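Okay, here's what each chain looks like letter by letter:
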Amino acid sequence: MTKLNRRRGWIATPYLFLGPALAVIALFVIYPGATMVYLSFCKASIIGKVSPVGIDNYVTLFSSREFYSSLTASVIFMVIVVVAQTALALIVALLVQSERRTMAALRTLFFIPVVLSFVVVAFLWKFLYNPDFGLIDGILGGLGLKRQGFLSNPSQALGSMIAACIWKSFAFFMMIFLAGLKEIPTELYEAAHLDGARPVQRVRFITLPLLRRTILFVVVVTTMDSFIKVFTPVYVMTDGGPRGRTDLLVYFIWRNAFKLGDLGYASAIAMVMFVFILVVNLVQLRIGEAPDA
Amino acid sequence: MRNRSSRVSLAHGAFLALLAILVLVPLLWGLSLAFRTNEEIVRMTGVSLHSFLPERVTLANFERLFKAVNMLRVFGVTLLVCLSVTFLSLLVNSAAAFAFARFTFAGRNIIFAIVVATMILPIEILIVPLYRIVKELGFMNRLAALILPFCATGFGIFFMRQFMAGIPRDLDEAAEIDGCNKLVVFSRIIVPLCRTALVTLGLIVFLQQWDNFLIPVTFISKKSLMLLQVAITDIYSHMFFTDTALLFAGIFVSAVPVIVIFVFLQRYYVLGITSTGIKG
Numbered sequence: 001m002t003k004l005n006r007r008r009g010w011i012a013t014p015y016l017f018l019g020p021a022l023a024v025i026a027l028f029v030i031y032p033g034a035t036m037v038y039l040s041f042c043k044a045s046i047i048g049k050v051s052p053v054g055i056d057n058y059v060t061l062f063s064s065r066e067f068y069s070s071l072t073a074s075v076i077f078m079v080i081v082v083v084a085q086t087a088l089a090l091i092v093a094l095l096v097q098s099e100r101r102t103m104a105a106l107r108t109l110f111f112i113p114v115v116l117s118f119v120v121v122a123f124l125w126k127f128l129y130n131p132d133f134g135l136i137d138g139i140l141g142g143l144g145l146k147r148q149g150f151l152s153n154p155s156q157a158l159g160s161m162i163a164a165c166i167w168k169s170f171a172f173f174m175m176i177f178l179a180g181l182k183e184i185p186t187e188l189y190e191a192a193h194l195d196g197a198r199p200v201q202r203v204r205f206i207t208l209p210l211l212r213r214t215i216l217f218v219v220v221v222t223t224m225d226s227f228i229k230v231f232t233p234v235y236v237m238t239d240g241g242p243r244g245r246t247d248l249l250v251y252f253i254w255r256n257a258f259k260l261g262d263l264g265y266a267s268a269i270a271m272v273m274f275v276f277i278l279v280v281n282l283v284q285l286r287i288g289e290a291p292d293a
Numbered sequence: 294m295r296n297r298s299s300r301v302s303l304a305h306g307a308f309l310a311l312l313a314i315l316v317l318v319p320l321l322w323g324l325s326l327a328f329r330t331n332e333e334i335v336r337m338t339g340v341s342l343h344s345f346l347p348e349r350v351t352l353a354n355f356e357r358l359f360k361a362v363n364m365l366r367v368f369g370v371t372l373l374v375c376l377s378v379t380f381l382s383l384l385v386n387s388a389a390a391f392a393f394a395r396f397t398f399a400g401r402n403i404i405f406a407i408v409v410a411t412m413i414l415p416i417e418i419l420i421v422p423l424y425r426i427v428k429e430l431g432f433m434n435r436l437a438a439l440i441l442p443f444c445a446t447g448f449g450i451f452f453m454r455q456f457m458a459g460i461p462r463d464l465d466e467a468a469e470i471d472g473c474n475k476l477v478v479f480s481r482i483i484v485p486l487c488r489t490a491l492v493t494l495g496l497i498v499f500l501q502q503w504d505n506f507l508i509p510v511t512f513i514s515k516k517s518l519m520l521l522q523v524a525i526t527d528i529y530s531h532m533f534f535t536d537t538a539l540l541f542a543g544i545f546v547s548a549v550p551v552i553v554i555f556v557f558l559q560r561y562y563v564l565g566i567t568s569t570g571i572k573g
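From first to last, the protein sequence lines stand for chains A and B.
Under my numbering, the first sequence has 23 at position 23, and the numbering climbs by one with no breaks.
Converting from the second sequence to my numbering requires adding 293 to each position, the first position being numbered 1.
Please keep in mind that the hints were generated in silico from the structure rather than gathered at the bench.
Note that this is a predicted model, so its numbers are computed, not measured.
Virtual Cβ for every residue (Gly too), placed ideally from N, Cα, C.
All the given hints hold, so there is nothing to weed out.
To be clear about the criterion: a stretch of chain A counts as covered by chain B if any three or more of its residues have a C-beta under 8 Å from a C-beta of chain B, and this derived list gives those stretches:
(1) 93-107
(2) 138-145
(3) 263-274
Chain A extracted, bound-state conformation (with noise of 0.2 Å):
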């Protein structure tokens, strides 16, 4: 008898430490993204009215022009943040990575912006960009150079953006670098040395491919934070301008949900944003999985 409790007991407390977290994410995730699919295929306006109207969101979507811009700048930011900043990260981390003074204090003067609010870094830039009394605009006053726009310049705004954003964010990912390159045991440089292998060999033929997990996991999680994690600058900082040149998917969704009410086609806009960031995420992996690469 207590035997048979205690075994009914058993298979039921799995299911009550599991509740709660499976609920709040049935909740707030898994119906939210079975809502979403069904929401691209309606027409409903933020006041509630929602009525099926098959593919026209899609096919609203895939013939505008506002569109397909905001799709290249969100593509534009990802691959050159994905490039410039995982350079970056990683030649800065080889640098930093000696157990001295200055290097560990170099490392927490670098990590500062990113533990700042992103709110509170795309404020800093937009004044940093400011034209009358920014101080990059004054640095290049200074020089005798020509004072740019910036943000407010058509050409430059999206480049000033990712500048910065990979201020903000770089010294996250070379913490990452960092740890994957402790893991790589000295014997192999020591061995190396005595070979004869110069500095550059060295990282080339034995940092380089031993870190190859580490950044293949940087590739994948930047494209996905640089593509979707960009929220805040461009409410921030430009609010999709100038002539629409920063306004990025996800702001281009919450602009069309939130300011001009339309949930149906914003909810088609996600879709569209979350099978291409999927795709691109499987083909980093195949490509990164793959023996030889």
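Knowing the structure of chain A, use the given hints to seat chain B on it.
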């Protein structure tokens, strides 16, 4: 050979020095704005030592800030939300992780796979349907909208499970033989042993919430429930003229606590980052 390596290290040093300047200079410049008057700020058109040191240090901006915005309430609400999410998510995620790490039950692997897979559905993508659900639940302009969606995450469960899987089972088996039930095993044995992981995850969650902007700006319009990050943008959007000094006083007040937290808990934070990196 010697010459070459000293030239190389000189280049390294120069590169790092340049980067340190690029990180430090914007911070110092922004910091100085909080202590200047607006009249002084608009005169800063060139570069000089005064680009970084105010000509006359003033604290008036902070006085104006605390008059214009109820900073005490903003901080209070923000801390309430951040701490509630941190506490609840640690509890809910580690309970779920315990189930995955210490039980065999029907559907365990498939449920775990689904939970981990939800990591590819970030809030930015789900914001539209989430808005409808929050509205249906009557959570608009309620703190529940800021807290509940974050109480369980695929990442948190995965992270805690990985850590618990590394704890030897001997301890919980011994306790069970002594007649402890699973709740006692969880709360008295597993949770204390997970202290490092809990501090790490707690710090990650807290800073994420501190930084959270999309959710509060979308779901909360009531002034009395405004979170810190939204309050900063609110200072900016309600300016009749560009009151840069006031804005940067707000930025200063909001940024200092996180920097202080980071300096004290750096070890855990870095540990959290690196363990996610390796296990990814």
